[in-house]
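Visitor: Using the sequences provided together with the hints, build the complete structure.
For reference, each letter of the sequence shown is one residue, going 5 to 253 in the working numbering.
To be clear, the hints were calculated from the coordinates, so they are not data collected in a lab. Cβ coordinates follow ideal geometry from the N, Cα and C atoms, glycine included. Be aware that a few hints might be false.
[What the hints assert, rightly or not] Taking lysine-lysine and the DSS-like style, the derived pairs with C-alpha atoms no more than 25 Å apart in a straight line are:
| # | residue 1 | residue 2 |
| --- | --- | --- |
| 1 | K212 | K189 |
| 2 | K76 | K135 |
| 3 | K66 | K76 |
| 4 | K113 | K66 |
| 5 | K76 | K65 |
| 6 | K51 | K110 |
[As the list claims (entries may be wrong)] If you anchor each label on the Cβ, the simulated ranges turn out as follows:
| # | residue 1 | residue 2 | range |
| --- | --- | --- | --- |
| 7 | H238 | E101 | 43 to 51 Å |
| 8 | D106 | W81 | 23 to 31 Å |
| 9 | S235 | D106 | 42 to 50 Å |
| 10 | G154 | I180 | 19 to 27 Å |
| 11 | M109 | K52 | 36 to 44 Å |
| 12 | S235 | E210 | 23 to 31 Å |
| 13 | P108 | Q183 | 34 to 42 Å |
| 14 | E210 | E85 | 37 to 45 Å |
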Amino acid sequence: MERWQNRVAVVTGASSGIGAACAKVILAAGVKVVGLARRLERLEELKKSLPVEQQKRFFFKKCDVSQEEEVKSAFQWVDQELGGTDILVNNAGTIREGNLVDMPMKDIKDVVNTNFMGAIYCTQGAFRSMKARNAAGHLIFINSTAGLAGYNPGPDYPSLNVYTPTKFALNAINEICRQELITLKTKVKTTNISPGWVSTEIVPDETKEMLGDVILQADDVANAVIYALSSGPHCQVQEITLRAVGEWY
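Guide: Dropping the structure here:
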């Protein structure tokens, strides 16, 4: 991680769960972190919980990634105040209850605009900064095993409705970015990280009870992020799949 010392990582959905865990481990590695999330008070709490030395390197902005103008404003602030984005952890995501075939269209649009369009808005914001500085950056997509081919949790679990298609889409975004970054002759890497069930706020309590100990923790995903970032300049960790021991799918 030495080459990332004092450089800047933007982590979306940083107010809790995987995003907060990623912010903490990246800060501990000596990197400046900008946390983006809708819940400003949770970002403030996160900063207060950090060691004093790390608090100086943690910055945050209120940002709903489903809103293009808010994303543009956030990345412009990073450019102006911190010199630009070197690492992007595309983590922000949401889910709604229901079945795709009859759930409210507003709920479907909320999930698509956050999980899919939000990732694109942030990717473009980060890449503009990397390209302008010819920086050897890294784009990381926090995906899900729900986005892998053959995903079939079985009839005992509730439908993930449009969440699953948005995670399938992230696989395509990661691969298209990888190809385009080569064509554009950049030094920017991409990594797609697909965990199974993770014990975060997004998972209902009844599902956690059903899974018991067969569930990942947010730190497991954050450690995978560090693993990808720790690879040498010549090496790209393209895909990581994480499952709890005993997890069926």
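Visitor: Look at each hint and say if it fits the structure.
Guide: Verification of the supplied hints:
Proposed proximity of K212 and K189 is contradicted: the alpha carbons are some 44 Å apart, above 25 Å. Among the hinted pairs, K76 with K135 is consistent with the structure: their alpha-carbon atoms are about 16 Å apart, no more than 25 Å. Between K66 and K76 the alpha-carbon distance is near 12 Å, which keeps this suggested pair within the 25 Å criterion. The suggested pairing of K113 with K66 holds, with an alpha-carbon distance near 21 Å, which does not exceed 25 Å.
Proposed proximity of K76 and K65 is supported: the alpha carbons are some 12 Å apart, at most 25 Å. In summary, the hint linking K51 to K110 is not supported, as the alpha carbons are separated by about 33 Å, beyond the 25 Å threshold. Look at H238 against E101: about 45 Å separates their beta carbons, and that is inside 43 to 51 Å. Distance hint check: the CB atoms of D106 and W81 are about 41 Å apart, inconsistent with the given range 23 to 31 Å.
Distance hint check: the CB atoms of S235 and D106 are about 44 Å apart, consistent with the given range 42 to 50 Å. A hinted range of 19 to 27 Å for the beta carbons of G154 and I180 is consistent with their spacing of about 21 Å. About 39 Å separates the C-beta atoms of M109 and K52, a value consistent with the hinted range of 36 to 44 Å. For the pair S235 and E210, the supplied restraint of 23 to 31 Å is violated, since their beta-carbon distance comes to about 38 Å.
With their beta carbons about 36 Å apart, P108 and Q183 fall inside the hinted range of 34 to 42 Å. Against the hinted window of 37 to 45 Å, the Cβ-Cβ separation of E210 and E85 comes to about 43 Å, which satisfies the hint.
The earlier numbered hints that this structure contradicts are 1, 6, 8 and 12.
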